[in-house]
Amino acid sequence: MGKMLKKLFALVPAVVLAAFAFGANAEMIGRSRPWQMWLQKPMSPTAEGVYDFNVFLIWIETGIVVFVMALFAYILIKFNSKANPIPSKTTHNTLLEVVWTTVPILILVVISVPSLKLLYFADTTPDAEMSFKVIGNQWYWSYEYPDHDDLTFDSVMVEEADLQPGQPRLLTVDNPVVLPANTKIRLIMASNDVIHNWAVPSLGIKIDVTPGRSNETWVEIYEPGDYYGMCSELCGVNHGFMPVHIRAVSKDEFPDWVAKAKEEFASNNDNTNTIRLAKADAAAR
Amino acid sequence: MANDAAANHDDHHDHTPTGAARWLCSTNHKDIGTLYLAIAIISSVVGGAMSWYIRLELTYPGIQYIDDFQFYNVLVTAHGFIMVFFVVMPALIGGFGNWFVPLMIGAPDMAFPRMNNISFWLLAAALILLVVSALVDGGPGTGWTVYPPLSDINYHPGAAVDFGILALHLAGASSILGAINLIVTILNMRTPGMTMHRMPLFCWAMLVTAFLLLLAIPVLAGGLTMLLTDRNFGTAFFDSGAGGDPLLWQHLFWFFGHPEVYIIIIPAFGIISQVVSTFSNKPIFGYLGMAYAMSAIGVVGFVVWAHHMFTSGLSVDARAYFTTATMIIAVPTGVKIFSWMATMWGGSIKLEVPMLFAVGFIFLFVVGGVTGVTLANSSADLAMHDTYFVVAHFHMVMGVAAVLAMFCGFYYWIGKMSGREYPRFLAKLHFWLFFIGVNVLFIPQHFSGLAGMPRRIPDYPDNYWGWNYVSSIGTAITVAGTLVFFLVLWRTLTAGKPTEANPWGEGAKTLEWTVPSPAPFHTHEYPPNMDEPAPAE
Chain A
-18 MGKMLKKLFA
-8 LVPAVVLAAF
2 AFGANAEMIG
12 RSRPWQMWLQ
22 KPMSPTAEGV
32 YDFNVFLIWI
42 ETGIVVFVMA
52 LFAYILIKFN
62 SKANPIPSKT
72 THNTLLEVVW
82 TTVPILILVV
92 ISVPSLKLLY
102 FADTTPDAEM
112 SFKVIGNQWY
122 WSYEYPDHDD
132 LTFDSVMVEE
142 ADLQPGQPRL
152 LTVDNPVVLP
162 ANTKIRLIMA
172 SNDVIHNWAV
182 PSLGIKIDVT
192 PGRSNETWVE
202 IYEPGDYYGM
212 CSELCGVNHG
222 FMPVHIRAVS
232 KDEFPDWVAK
242 AKEEFASNND
252 NTNTIRLAKA
262 DAAAR
Chain B
885 MANDAAANHD
895 DHHDHTPTGA
905 ARWLCSTNHK
915 DIGTLYLAIA
925 IISSVVGGAM
935 SWYIRLELTY
945 PGIQYIDDFQ
955 FYNVLVTAHG
965 FIMVFFVVMP
975 ALIGGFGNWF
985 VPLMIGAPDM
995 AFPRMNNISF
1005 WLLAAALILL
1015 VVSALVDGGP
1025 GTGWTVYPPL
1035 SDINYHPGAA
1045 VDFGILALHL
1055 AGASSILGAI
1065 NLIVTILNMR
1075 TPGMTMHRMP
1085 LFCWAMLVTA
1095 FLLLLAIPVL
1105 AGGLTMLLTD
1115 RNFGTAFFDS
1125 GAGGDPLLWQ
1135 HLFWFFGHPE
1145 VYIIIIPAFG
1155 IISQVVSTFS
1165 NKPIFGYLGM
1175 AYAMSAIGVV
1185 GFVVWAHHMF
1195 TSGLSVDARA
1205 YFTTATMIIA
1215 VPTGVKIFSW
1225 MATMWGGSIK
1235 LEVPMLFAVG
1245 FIFLFVVGGV
1255 TGVTLANSSA
1265 DLAMHDTYFV
1275 VAHFHMVMGV
1285 AAVLAMFCGF
1295 YYWIGKMSGR
1305 EYPRFLAKLH
1315 FWLFFIGVNV
1325 LFIPQHFSGL
1335 AGMPRRIPDY
1345 PDNYWGWNYV
1355 SSIGTAITVA
1365 GTLVFFLVLW
1375 RTLTAGKPTE
1385 ANPWGEGAKT
1395 LEWTVPSPAP
1405 FHTHEYPPNM
1415 DEPAPAE
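Protein sequences, first through last, are from chains A and B.
Residues -18 to 266 in our numbering are what the first sequence lists, from first letter to last.
Residues 885 to 1421 in our numbering are what the second sequence lists, from first letter to last.
Check the hints yourself; a few may be wrong.
Said to hold, decoys possible - With a straight-line cut-off of 30 Å between C-alpha atoms, the simulated DSS-like cross-links for lysine-lysine are:
hint: 1; chain 1: A; residue 1: K70; chain 2: B; residue 2: K1234
hint: 2; chain 1: A; residue 1: K59; chain 2: B; residue 2: K1234
hint: 3; chain 1: B; residue 1: K1393; chain 2: A; residue 2: K98
hint: 4; chain 1: B; residue 1: K1381; chain 2: A; residue 2: K63
hint: 5; chain 1: A; residue 1: K63; chain 2: B; residue 2: K1234
hint: 6; chain 1: A; residue 1: K165; chain 2: A; residue 2: K98
hint: 7; chain 1: B; residue 1: K1312; chain 2: A; residue 2: K63
hint: 8; chain 1: A; residue 1: K243; chain 2: B; residue 2: K1312
hint: 9; chain 1: A; residue 1: K70; chain 2: B; residue 2: K1381
hint: 10; chain 1: B; residue 1: K1393; chain 2: A; residue 2: K70
No lab work stands behind these hints: they were computed from the structure.
Input sequences plus hints: build the corresponding full structure.
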């Protein structure tokens, strides 16, 4: 315990220094950077909408907190029993009460307009160019490309011991999802067992993967690159260890990857289906 | 046995039973209130230790102490259950509600004293079942939301989840009985002259809370029973493979679960209203607005549940409705905050320890409240859902705020309950350590959450380390504050100076301050005259 505490205190200066330096590698995309205090850099139209909406909200909310707390501090000083020994007896002020009821309503109306606009924008799939299917399993993801001859593979987290230099811990998988950038993609969600959640913060995707339902959303990735996320619904023992890793490639490179992947996962295709059937069978029994 | 003890009370008004007869068979609202406070304190040590252990694990990336992730999930689950059902609810509703509703409305006791006894002991039995649940068959690693299919027999084959379900059933029965008792007491046993609109706001808060309990708990009970039969008797309410729907559970659970957060925070509103008025030496500003704001929060609280399910695949129109409805709650909540401030405006404010806690409560409630406006938006929820932003939000606004209100009530009323003064210096130390601690603990979690860190994970990608580390330092400070509280409790009960009937001066106008301290075993045996003390408002 003492050692633990010493370790804690030894780190305090490092913490302070790092806090000043956290703006340094601001350009990292697809995942969070150390000491990040904000949303990740948005890399899809939905994520951009969420990012801007959140900035808008934070301004309003910060304003409210600062206003209320300043008023509060003023009250605590000005009406301290020493400064103001004789209390007033005022308990009503109709105008004031009407104002503090209606002003919040107006603020909420102002918030609701961009909020609902973004909600409907993020929900629908405007003319998707391809579909992509996510299947949740305890505790890995399976991916299907229904528009590319049902190309299918599993994506399992790489254990810490097997990481290559530069690969982030708990986020790296053996087979990343490869998707074309600048393409409107319809995402379809299904689960083989319990509820999972397929989330990629920098792309504004977060959607439950529920058995018996097929949830749908869409994404258009701005740039090629690596985008990371994690399962975001408690799904059992290894819930913290089923990352999402998307590798976006340019639109031209994508067909090449599909061709290669079809060879690589050719045997996979039949097998996974058989395994899945066997699993369903076992569950039914 | 209980009957005999109760009969004794009735026969000999000045006779106080002792030992087992007093504590096991009690029908006295003050003794039962004390029992509720005791069970809350005991549970808070267990639930608090769990959260401390979780934060120790999360101090650094990588696995430090907990290499059994099922056990980690069980800790997360049990921490939630214990804090909600066995700490905050017993302390605020069973503890302070039992103690002070009869005293404040001038009633000699609760309406149904024997039912009061069974409500308490059902809760004690529920606590035992919950602990058993955590200890058998690997425990329930489902989160307090118990979502099927994870909570189904296929994924939690042992008896752990069944024990948990039974624990919640008993705790629920206890709450329903307690709620009926409070409603009947408040509606029928007010002293002559105390109309509903002259009743102290604490009693209003307990009345609204009791109605919420009465309407919400049966829905939970229905859902739990369906889950129990799904697990054990082959029904398929929540099994999509057999025609059921996992989302049905989510609707049932959150139809209870959302009012539940108001069940936790509305009694806190009540305490804060009394304390703010007392220490500003001013009647509460906008009494009617305050009472009806609580009622409005209660009513609207029942039609916003699906904002917990924004990512579950609800139709977009449903999400638009729940976004709008949820935001409306900010309005009555704002009325409460502004009315507290207006009560203090022009007042003669004494920053005694209860008032410190009330001010701390309002701070946390405002900061945690505005992030609630963010989370009300289904579109913003695409970034926030199931991240530490949510964890930070509900701990600030509901968890820690309710705990601050508990401490606030404790310091406000401990003189009345024990007849002794608390040590002031230690109490102030407790406040500052605890207040600073929880802010250092939870404010950084907003940042982790915005950066995308999911909740309920035993390990996190290395880049999330910084704010997690700060958060764990906050935990250490909070734990220190909590230890000081236990020192305060011990010093008060063993060495506290005797206190007078009303230690707070003319600001304290409610009826509990007209009886001696400690409050005698029986009080208000004759209805007090409401025209003597000034009206409660």
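Verification of the supplied hints:
1. Distance restraint check for K70 of chain A and K1234 of chain B: the Cα-Cα separation of roughly 16 Å lies within the 30 Å cut-off, and the hinted pair is therefore satisfied.
2. Proximity of K59 of chain A to K1234 of chain B is assessed by CA-CA distance (about 12 Å); at most 30 Å being required, the pair is judged to hold.
3. Only pairs whose Cα atoms come within 30 Å are accepted, and K1393 of chain B paired with K98 of chain A is rejected, the gap being roughly 51 Å.
4. Of the pairs offered as hints, the one joining K1381 of chain B and K63 of chain A holds, with about 26 Å between alpha carbons and a cut-off of 30 Å not exceeded.
5. Distance restraint check for K63 of chain A and K1234 of chain B: the Cα-Cα separation of roughly 8 Å lies within the 30 Å cut-off, and the hinted pair is therefore satisfied.
6. For the hint linking K165 of chain A to K98 of chain A, the alpha-carbon distance of about 19 Å falls within 30 Å, and the restraint holds.
7. The suggested pairing of K1312 of chain B with K63 of chain A holds, with an alpha-carbon distance near 19 Å, which does not exceed 30 Å.
8. Among the hinted pairs, K243 of chain A with K1312 of chain B is inconsistent with the structure: their alpha-carbon atoms are about 68 Å apart, more than 30 Å.
9. Of the supplied pair hints, the one linking K70 of chain A and K1381 of chain B is violated, its CA atoms being roughly 33 Å apart against a limit of 30 Å.
10. As the CA atoms of K1393 of chain B and K70 of chain A are separated by approximately 14 Å, the hinted pair is consistent with the 30 Å bound.
In this structure, the hints that do not hold are numbers 3, 8, 9, in rising order.
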